[in-house]
Amino acid sequence: MSAAHHEEETVTEGPKVLATRGRVRTVQVVRPNPHDTSFLAATATGLGITLKHFARNLFLPLRSAKSRAKAGAPVDESWKNEIETVQYPDEKVTYPERFRGLHRLTLREDGAVRCVACMCCPTVCPAHCITIVPEESNSKSIEKRPAIFEIDELRCVVCGLCVEACPCDAIRMDTGVHAHPVEDRADAIENRESLLGRGVRSIAHQGGEGPDWRATAAEKSPSGDVNR
Amino acid sequence: MPSIWQILDFPAVKWLFLVLALVMPLASLLTWAERRQSAMMQDRLGPNRANIGPIKLKGILHFVADALKMIFKEDFIPANVHKGLFALAPVLALAPVLIAFAIIPFGPTIYPHHALTVLHPGELAIDPNAPAFADAIRLQIFSVDYGLIFYFAVLTLANYGGTIAGWASYNKWALLGGLRSSSQMMSYEVAMGLSLMGAFLVTGTLEPGAIVEHGASASLPAANPFNWLWLWQPVGLVLFFTAAIAETKRAPFDIPEGEPEIIGYFVEYSGIRWGMFFLAEFIEIVFISAVIASVFFGGWQVPFLDADGFRISSLGWALYLPHIVVVLLQFGAFGLKVVLLCMFQLLIRWTLPRFRADQLMNLGWKLLLPLSLANIMVTALIKLIFMGS
Ligand code: SF4
Ligand code: SF4
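Quick mapping for you: the protein sequence lines, in order, are chains A and B.
Residues in the first sequence are numbered consecutively from 0, following numbering that gives the first Met the number 0.
Residues in the second sequence are numbered consecutively from 0, following numbering that gives the first Met the number 0.
Rather than coming from a laboratory, the hints here were simulated on the basis of the structure.
Hints should not be assumed to be uniformly reliable.
[Said to hold, decoys possible] Calculated cross-link-like contacts (lysine-lysine; reagent style DSS-like; alpha-carbon spacing at most 30 Å):
#	chain 1	residue 1	chain 2	residue 2
1	A	Lys91	B	Lys365
2	B	Lys55	A	Lys51
3	B	Lys68	B	Lys55
4	B	Lys68	A	Lys15
5	B	Lys82	B	Lys55
6	B	Lys82	B	Lys68
7	B	Lys171	B	Lys72
8	B	Lys57	B	Lys68
9	A	Lys91	B	Lys171
10	B	Lys72	B	Lys55
11	A	Lys51	B	Lys382
12	B	Lys13	B	Lys82
13	B	Lys82	B	Lys171
14	B	Lys82	B	Lys72
15	B	Lys72	B	Lys57
16	A	Lys51	A	Lys91
17	A	Lys91	B	Lys57
Just so we're clear, the structure is a prediction, and the values are computed from it rather than from any experiment.
Model the full structure from these sequences, guided by the hints.
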């Protein structure tokens with residue numbers, strides 16, 4: 000029952016059936032008429048559309064990039080052309096606020112690097128492009144800091160997971176700058192200094208000045224080995 | 000000792016000035032114009048940045064940059080190609096187009112000794128051998144009464160360029176491209192030739208210069224736009240235009256080349272050899288435009304401009320101009336017509352999608368060919384009934 004119903008359905012979608020005898024169906028064949036195969040009418044319509052665009056873009060003044068970038072700005076669009084091209088080095092579009100630009104490392108209030116070399120970001124990075132070599136920090140309350148912090152911007156897939164993973168707001172991608180063209184692959188590797196060079200202080204509050212962690216650790220460990 | 004005028008009237012010199020100095024730059028400019036126009040049709044800007052210092056000219060210099068790039072690119076010849084034919088093919092594609100330009104009337108006959116005075120056509124009829132009419136320079140390199148046939152014959156050779164390129168490249172895809180190229184040419188050349196036969200019936204000549212000089216009917220002045228063949232042969236115009244675009248192997252008939260995906264016969268070519276194919280294509284666009292302008296749109300005729308100046312006989316109004324001004328106006332008019340027709344071809348190329356091979360064959364054999372035959376029949380009948388001979 001349902002199978003027959005299904006068959007009926009498929010038949011109505013196909014060509015028009017003129018007669019059915021057993022399993023033989025006579026269908027109506029639709030041949031394109033010369034009007035369609037000569038494409039004359041369609042060609043004329045198409046040429047009209049492209050010519051309209053061409054003439055409009057040729058004779059009407061260019062919309063300025065500023066008026067395009069500022070959404071909702073009162074611009075008289077009716078006598079402007081429709082060209083969307085942004086002439087890049089001369090005009091720049093302002094990126095949205097959450098645009099993921101080049102990485103930067105943020106600073107603490109005292110100007111030291113904020114990263115505590117917790118290794119969360121190299122662990123989460125899907126492209127394995129973050130290399131961190133930690134060293135012991137001289138701060139009373141913070142255990143480590145990065146001695147080497149490198150990001151290979153050629154391998155980075157700009158996913159932003161490193162930023163999400165960072166527990167202390169030390170790495171960010173809010174610079175609004177995109178990766179520079181380089182002549183050598185090695186030049187695409189951002190190091191600690193260049194990452195910090197883009198850094199400003201983080202507005203996030205980083206921990207408190209707790210008790211000296213070395214003293215606490217020594218207290219807890221009978222052997223007094225703080226590096227265990 | 001030939002005078003300067005006689006040297007200028009020498010065919011090779013005319014070819015140098017008209018084809019090498021005029022057509023070649025126009026064709027190279029077209030490569031820029033095409034990208035610019037297609038961009039504007041698609042709401043983009045197109046190449047507008049090439050510059051020499053502060054000279055930018057809206058990017059026109061891109062064609063210089065392109066030429067330099069193509070010349071200095073590596074001329075790579077793949078292993079196993081047939082070296083001789085591989086080198087011959089681009090020449091075969093380019094040379095015939097440059098030769099075919101010989102039949103194009105670029106402008107009226109110049110009478111250098113008459114340049115600053117008004118030239119009355121009557122004077123010329125009375126005494127064509129008067130000293131004032133000596134040293135005439137005809138702005139057509141090769142005027143023979145089989146002019147258009149000569150063009151068909153020569154341009155067919157250009158097709159060998161594509162086929163031989165495909166054969167010599169030692170590449171299956173190039174070979175298939177060459178095959179498509181020759182099959183496409185086959186289906187269009189017949190219709191192309193036949194669609195011009197109507198014009199032949201109307202004017203009684205196949206010499207583009209004579210068509211331009213006399214127009215369709217002797218009862219109207221040749222400078223009257225209604226005496227140009229577009230009005231007398233509208234079907235012939237559409238058919239010839241269609242077939243001619245197929246001849247240039249550009250979209251919607253770019254089956255032989257198909258740059259974006261179905262790579263064509265010059266896939267193994269690079270550098271300036273590829274550039275020659277490229278340039279040949281653009282020169283062909285200019286050539287087709289020149290033929291259509293000459294045959295269907297009055298060539299170098301400016302509306303209502305006779306040899307002695309503007310004249311509208313029905314109003315009895317006339318404005319006499321010196322010969323040199325008339326010549327410059329007519330020469331400019333021909334240039335303008337050619338450029339506009341080139342732009343129209345670019346418009347078509349960037350509007351229509353590519354035809355499938357079977358659609359192309361259908362169009363060529365089942366539509367253009369019968370229509371051009373019907374056009375000949377109808378034209379002949381009308382001529383027989385209304386003109387009586
Ligand atoms: S953005 Fe993604 S890929 Fe790039 S460094 Fe961060 S985690 Fe790695
Ligand atoms: S996640 Fe943050 S704190 Fe941890 S290593 Fe990366 S940047 Fe440093």
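The hints, checked one at a time:
1. This hinted pair does not check out: A:Lys91 and B:Lys365 have alpha carbons roughly 54 Å apart, beyond 30 Å.
2. Distance restraint check for B:Lys55 and A:Lys51: the Cα-Cα separation of roughly 27 Å lies within the 30 Å cut-off, and the hinted pair is therefore satisfied.
3. Among the hinted pairs, B:Lys68 with B:Lys55 is consistent with the structure: their alpha-carbon atoms are about 18 Å apart, no more than 30 Å.
4. For the given pair, B:Lys68 sits about 59 Å from A:Lys15 by alpha-carbon distance, which is inconsistent with the 30 Å threshold.
5. Taking the CA atoms of B:Lys82 and B:Lys55, the gap is near 41 Å; set against the 30 Å cutoff, the hint is violated.
6. Between B:Lys82 and B:Lys68 the CA atoms are separated by roughly 23 Å; this keeps the pair inside 30 Å, and the hint holds.
7. A hinted pair counts as satisfied when its Cα atoms are at most 30 Å apart, and B:Lys171 with B:Lys72 qualifies at roughly 25 Å.
8. Pair hint B:Lys57 plus B:Lys68 holds up; C-alpha atoms about 19 Å apart against a cutoff of 30 Å.
9. The hinted pair formed by A:Lys91 and B:Lys171 fails the criterion: a straight-line CA distance of about 46 Å is larger than 30 Å.
10. About 24 Å separates the Cα atoms of B:Lys72 and B:Lys55, which keeps this hinted pair within 30 Å; it holds.
11. Between A:Lys51 and B:Lys382 the CA atoms are separated by roughly 39 Å; this puts the pair beyond 30 Å, and the hint is violated.
12. At roughly 34 Å between alpha-carbon atoms, B:Lys13 and B:Lys82 are farther apart than 30 Å, so this suggested pair is violated.
13. With a C-alpha separation of about 17 Å, the suggested pairing of B:Lys82 with B:Lys171 holds against the 30 Å cut-off.
14. A threshold of 30 Å between alpha carbons decides the hint, and for B:Lys82 with B:Lys72 the separation of about 19 Å falls inside it, so the pair holds.
15. At most 30 Å may separate the alpha-carbon atoms for a hinted pair to count; B:Lys72 and B:Lys57 meet this at roughly 25 Å.
16. In summary, the hint linking A:Lys51 to A:Lys91 is supported, as the alpha carbons are separated by about 28 Å, within the 30 Å threshold.
17. With a CA separation close to 20 Å, the supplied pair A:Lys91 and B:Lys57 stays within the 30 Å bound.
Hints 1, 4, 5, 9, 11 and 12 from the earlier list are contradicted by this structure; the remaining hints agree with it.
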